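Trainee: Under the UniProt record's numbering, the residues of the sequence shown are numbered 1 to 180, in order.
These aren't lab readings, by the way, just hints derived from the structure by calculation.
Warning: the hint list may mix true and false statements.
Stated by the list, open to error - Quick list of simulated restraints, FRET-style, between CB atoms:
(1) Arg30 - Gly168: 37 to 47 Å
(2) Glu6 - Phe144: 14 to 24 Å
(3) Pro150 - Leu56: 27 to 37 Å
(4) Ala169 - Arg142: 13 to 23 Å
(5) Pro79 - Ala45: 13 to 23 Å
(6) Asp5 - Gly48: 20 to 30 Å
(7) Arg89 - Arg39: 30 to 40 Å
(8) Pro79 - Ala103: 15 to 25 Å
(9) Met1 - Gly141: 17 to 27 Å
If you're wondering where the values come from, they're calculated on a predicted model, not measured in any experiment.
Beta carbons are placed, not taken as given, at the ideal position from N, Cα and C, and that holds for glycine.
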Amino acid sequence: MRWRDEHRAPFAALNADPEVMRHFPAVLTREQSDRAVDRLAEAHARRGFTFWATELRETGEFIGFVGLLVPAHDLPFQPCVEIGWRLARAHWGRGYATEGAQAALDLAFGPLGLAEVVSMAVVANAPSRAVMARLGMRDTGRDFDHPAVPDGPLKRHVLYAIDRAAWGASRLHTPRGGEC
C-alpha cells in the first residue's frame with residue numbers, strides 16, 4: 001500500500017518504540033520518521049516498489065511496513081533489491097511479516113522479473129532471521145559490517161538471499177494467508 005499522511009503518526013510511534021528498534025542504532029524522532037516516509041514514497045514513484053505501508057485487512061489499522069527496496073547505502077553485495085519489514089510490537093508473532101514478505105516476493109519474481117532478492121539483519125535479530133528462513137531464504141555466509149551502523153554490537157549483519165527458482169520451489173510448501 002502506498003504511504004499516506006495518516007500513516008505518519010503511527011509510523012513515528014513504531015519508530016520511537018525502543019523494543020521495535022532494539023536492532024537499530026537508535027529510535028527515530030518524528031522528523032526522522034517523516035523523512036523516511038518521504039524517501040519511501042519517492043522510491044515507489046521512481047521504481048514502482050518500496051517498503052509499503054502495511055495495514056490490517058479487517059480494520060485498516062496501520063501496523064508497519066513490508067516490501068522491496070534498493071538499499072541506499074554502499075553495501076559489498078550491490079547491486080541488489082532488499083526485502084524488509086518492521087511491524088508494531090502488538091502485531092509480532094502473528095505471521096504478518098511472513099505473509100507480507102511472501103506477497104513482496106511474488107511481485108519480485110513475477111511482474112518485476114528479478115533474479116534474486118536479499119535480506120539483511122543484525123546477527124542477533126533472531127525474529128527477522130526466522131522470517132527469512134520461513135520464506136525459503138538461505139544464509140549466504142557473507143556476513144558484513146553495515147556501513148551506516150556505528151561500531152558496536154549492531155554493526156555486524158547477516159545476508160540472506162533467495163532466487164527465482166528457490167522461491168518457486170518454496171511456494172509449493174509455504175502456506176498463504178494468516179497461517180504463516
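Trainee: Does each hint hold? Answer for all of them.
Mentor: Structure-based check of all given hints:
The hinted window of 37 to 47 Å between Arg30 and Gly168 holds, with their beta carbons roughly 42 Å apart. The given range of 14 to 24 Å is broken by Glu6 and Phe144, whose C-beta atoms sit roughly 36 Å from each other. Taken as a hint, the range 27 to 37 Å holds for the pair Pro150 and Leu56, whose Cβ atoms sit roughly 35 Å apart. Evaluation of the 13 to 23 Å hint for Ala169 and Arg142 yields a pass: the beta carbon distance comes to about 22 Å.
Judged by the Cβ atoms, the range 13 to 23 Å given for Pro79 and Ala45 holds: they are separated by roughly 20 Å. Restraint check, Asp5 to Gly48: a C-beta distance of roughly 21 Å satisfies the suggested window 20 to 30 Å. The hint said 30 to 40 Å for the Cβ distance between Arg89 and Arg39, and at roughly 23 Å that hint is violated. Our hint of 15 to 25 Å for Pro79 and Ala103 holds, since their Cβ atoms are close to 23 Å apart.
With their beta carbons about 35 Å apart, Met1 and Gly141 fall outside the hinted range of 17 to 27 Å.
Consistency note: the structure conflicts with the earlier hints numbered 2, 7, 9.
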